[in-house]
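There are 2 protein chains.
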Amino acid sequence: MEVIGILTFTLKEMEKRKFVLVIHGGVGTILPRNMTIEKEKAYRDVLIRALSVGERILKNGKTAVEAVEAAIVVLENIPLFNAGRGSVFTYEGENEMDASIMDGLTLNAGAVAGVKRIKNPITAARKVMENSPHVMLIGKGAEKFAKKENLRLEKPSYFYSEERYQQLMLARENNEVILDHSGENKSTDKEIENNDKKLGTVGAVALDRHGNLAAATSTGGMTNKRYGRVGDTPIIGAGTYAKNNTCAVSGTGHGEYFLRNVVAYDISALIEYKGKSLKEAVDFVIHKKLKGQNGEAGVIALDKKGNYEMTFNTEGMYRGIVSDIEPARAEIFK
Amino acid sequence: MEVIGILTFTLKEMEKRKFVLVIHGGVGTILPRNMTIEKEKAYRDVLIRALSVGERILKNGKTAVEAVEAAIVVLENIPLFNAGRGSVFTYEGENEMDASIMDGLTLNAGAVAGVKRIKNPITAARKVMENSPHVMLIGKGAEKFAKKENLRLEKPSYFYSEERYQQLMLARENNEVILDHSGENKSTDKEIENNDKKLGTVGAVALDRHGNLAAATSTGGMTNKRYGRVGDTPIIGAGTYAKNNTCAVSGTGHGEYFLRNVVAYDISALIEYKGKSLKEAVDFVIHKKLKGQNGEAGVIALDKKGNYEMTFNTEGMYRGIVSDIEPARAEIFK
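Taken in sequence, the protein lines are chains X and A. The first sequence stops at residue 334 when you use this note's numbering, and every number in between is there. The second sequence stops at residue 334 when you use this note's numbering, and every number in between is there.
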């Protein structure tokens, strides 16, 4: 597809065209008082790094799909965020990861859920989209597919971090399920300190110079989760959605609320069917609908004109943006 | 909730109120010339039985959620349809089942995917909705949860049928994946005969006398499927959706198209945001959007006024309807 796009205009024309990349690293009770200078710098640095990797791709006229995948791979490969390497532990002491990706041009989509060994679940999701007739593969089957596609599988030790393990022990003691940064209000001091080290689901939305949108999301789930729980991240329409003539959306927060409210597609439908602007649609869903249900939530959203939103109803959201006219910028607090 | 509902009006008043139950048993190339009188009777009989079980529940003022679950349990318990007992075999010679349910009053929802041993996946989905904080559980975790809820698990032999096994062997020979009744056009004579014995996903939508809607869907997936493929059936918004002020929807057909188009929620959004009638919304999605993408599809849909649709873009759909004013009726062909 991008080849056709590239051929329709010269390199010079292309350089005049817009591109935008927006990323997030989860929402929650992220407060300046719980953040050291070093920690804040570490988060900002990696957000900027992910933006820069995506920017290079978009600047060169490559696709939005490539950019969102590449940005998420950066976030999956460092232990700071709850995705890929930094995934939290389930009740059983394992990592179960989910990811999805969608191409706004073709409406093609791919997702994996409940995978334990795939180094980059977002790449597996893209392979499902591009190299299979399916949209969603789960569990061991998804891992078999990833292996066939020559994706890198890792041993459990790759995903192990002492910090994540301590989080599990703490959650087990308190017999609670922790997702992203939620539940931190009811926490003890020790937990606040601890939960503050947890980091959420990661996501990206992009507009490329061919005018195409893409969205992608990746997560390590909830600390201490049981029973093969799957949230909104691998669900097309809930955690991820992209359609050129409406918008690209990636969500983070309390997944069950995203599932019941079909959040990502709802934002698209409000634009398509009700004539809302991107901002109106996002504000309605995050601040009115989900807030009204006490659903902690954040989304990044982007339309084909390059309008973008980074909206959340919590204390903070790790987020960043870069475009042809805006240098890479990372934000954390409100 | 239903207790409050019951208390707000007397039994006599309740008896005047509407109820409707619509069910389906899958779409595909279902042609009269491939159907014997005995076969047709067997399908009609079981559809009528499922309708009667649901009717009794709704007549007595019980909830739409109870009715859709009970109707689907009837269809899961006989080997005729591709759900529960009659589930088809995966590439590995196993059964992997998916199901979901949604309550239009509360927007609560539950789903299971990739379960191999649960006798009634739809009941497991309801337990997820009512007895867990989650919406979706997959694989072994979902089975652990079902066990904890005292649901009946069965050995693989319960789900074994010689007919389904022969379908797998045939699909393996032809190295193809068969879903519902699709792909029958390209089939050999032997396959036509064989595929004609396959039966699709089952689903139900109901309006109860309290004015509440519910939707539910259950499937055994695709013959010869690999890699833990999951279709639209367990995905809230794709295969199943219910919201009192719009509609209840259950879908069947080529699941990947339902996933990419977020079909069930799309119908709801067209009503809510674009002011379409139920019929207009359903016709647009099935005959225009999905037909335009060559997506074989059917849905049953119902609104709070009792308007219902049974719409498909294939040769046939196993379906039936009963209400306070219409006796139970089953249909198969166009």
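Don't take every hint at face value.
Which copy? The list can't say, so a pair holds if one copy fits it or any two copies do.
As the list claims (entries may be wrong) - Only pairs whose alpha carbons sit at most 30 Å apart, straight line, appear in this in silico DSSO-like list of lysine-lysine:
id: 1; residue 1: Lys140; residue 2: Lys59
id: 2; residue 1: Lys148; residue 2: Lys334
id: 3; residue 1: Lys148; residue 2: Lys116
id: 4; residue 1: Lys289; residue 2: Lys116
id: 5; residue 1: Lys291; residue 2: Lys147
id: 6; residue 1: Lys276; residue 2: Lys289
id: 7; residue 1: Lys304; residue 2: Lys289
id: 8; residue 1: Lys140; residue 2: Lys274
id: 9; residue 1: Lys305; residue 2: Lys119
id: 10; residue 1: Lys289; residue 2: Lys147
id: 11; residue 1: Lys155; residue 2: Lys119
id: 12; residue 1: Lys305; residue 2: Lys274
id: 13; residue 1: Lys279; residue 2: Lys59
id: 14; residue 1: Lys279; residue 2: Lys116
id: 15; residue 1: Lys59; residue 2: Lys289
id: 16; residue 1: Lys305; residue 2: Lys276
id: 17; residue 1: Lys18; residue 2: Lys39
id: 18; residue 1: Lys304; residue 2: Lys274
id: 19; residue 1: Lys155; residue 2: Lys116
Everything labelled a hint here was simulated from the structure, so no lab data went into it.
Quick rundown of the hints versus the structure:
For the homomeric pair Lys140 and Lys59, neither the shortest alpha-carbon distance inside one copy (37 Å) nor that between copies (45 Å) is at most 30 Å. Proximity of Lys148 to Lys334 under the C-alpha cut-off of 30 Å is found in neither arrangement, the shortest distances being 44 Å within a copy and 42 Å between copies. Taking the shortest alpha-carbon separations for Lys148 and Lys116, both the intra-copy value of 16 Å and the inter-copy value of 24 Å come in at or below 30 Å. Taking the closest pair of Cα atoms, Lys289 and Lys116 never come within 30 Å of each other, the shortest separation being 33 Å inside a single copy and 36 Å across copies.
For the homomeric pair Lys291 and Lys147, neither the shortest alpha-carbon distance inside one copy (41 Å) nor that between copies (34 Å) is at most 30 Å. For a Cα distance limit of 30 Å, the shortest separation of Lys276 from Lys289 qualifies both inside one copy, at 15 Å, and across copies, at 22 Å. In this homomeric assembly, Lys304 and Lys289 come within 30 Å of each other (Cα to Cα) both inside a single copy, at 25 Å, and across copies, at 22 Å. In the homo-oligomer, the alpha carbons of Lys140 and Lys274 never lie at most 30 Å apart, since the shortest distance is 41 Å inside one protomer and 41 Å across protomers.
For the homomeric pair Lys305 and Lys119, neither the shortest alpha-carbon distance inside one copy (34 Å) nor that between copies (50 Å) is at most 30 Å. In this homomeric assembly, Lys289 and Lys147 never come within 30 Å of each other (Cα to Cα): the closest approach is 41 Å inside a single copy and 35 Å across copies. In the homo-oligomer, the alpha carbons of Lys155 and Lys119 lie at most 30 Å apart inside one protomer (9 Å), although the nearest pairing across protomers, at 34 Å, exceeds that limit. In this assembly of identical chains, the alpha carbons of Lys305 and Lys274 lie at most 30 Å apart whether taken from the same copy (18 Å) or from different copies (23 Å).
Taking identical chains as interchangeable, the C-alpha atoms of Lys279 and Lys59 lie at most 30 Å apart only when both belong to the same chain, with a minimum of 26 Å there against 46 Å between chains. Taking the closest pair of Cα atoms, Lys279 and Lys116 never come within 30 Å of each other, the shortest separation being 37 Å inside a single copy and 44 Å across copies. For the homomeric pair Lys59 and Lys289, neither the shortest alpha-carbon distance inside one copy (36 Å) nor that between copies (34 Å) is at most 30 Å. Taking CA atoms no more than 30 Å apart as the test, Lys305 paired with Lys276 passes in both settings, with 14 Å inside one copy and 28 Å between copies.
For a Cα distance limit of 30 Å, the shortest separation of Lys18 from Lys39 qualifies neither inside one copy, at 33 Å, nor across copies, at 60 Å. In this assembly of identical chains, the alpha carbons of Lys304 and Lys274 lie at most 30 Å apart whether taken from the same copy (17 Å) or from different copies (22 Å). When the C-alpha separation of Lys155 and Lys116 is checked against a cutoff of 30 Å, the pair qualifies both within a copy, at 9 Å, and between copies, at 26 Å.
Violated hints, listed in ascending order, are 1, 2, 4, 5, 8, 9, 10, 14, 15, 17; each of the other numbered hints is respected by the structure.
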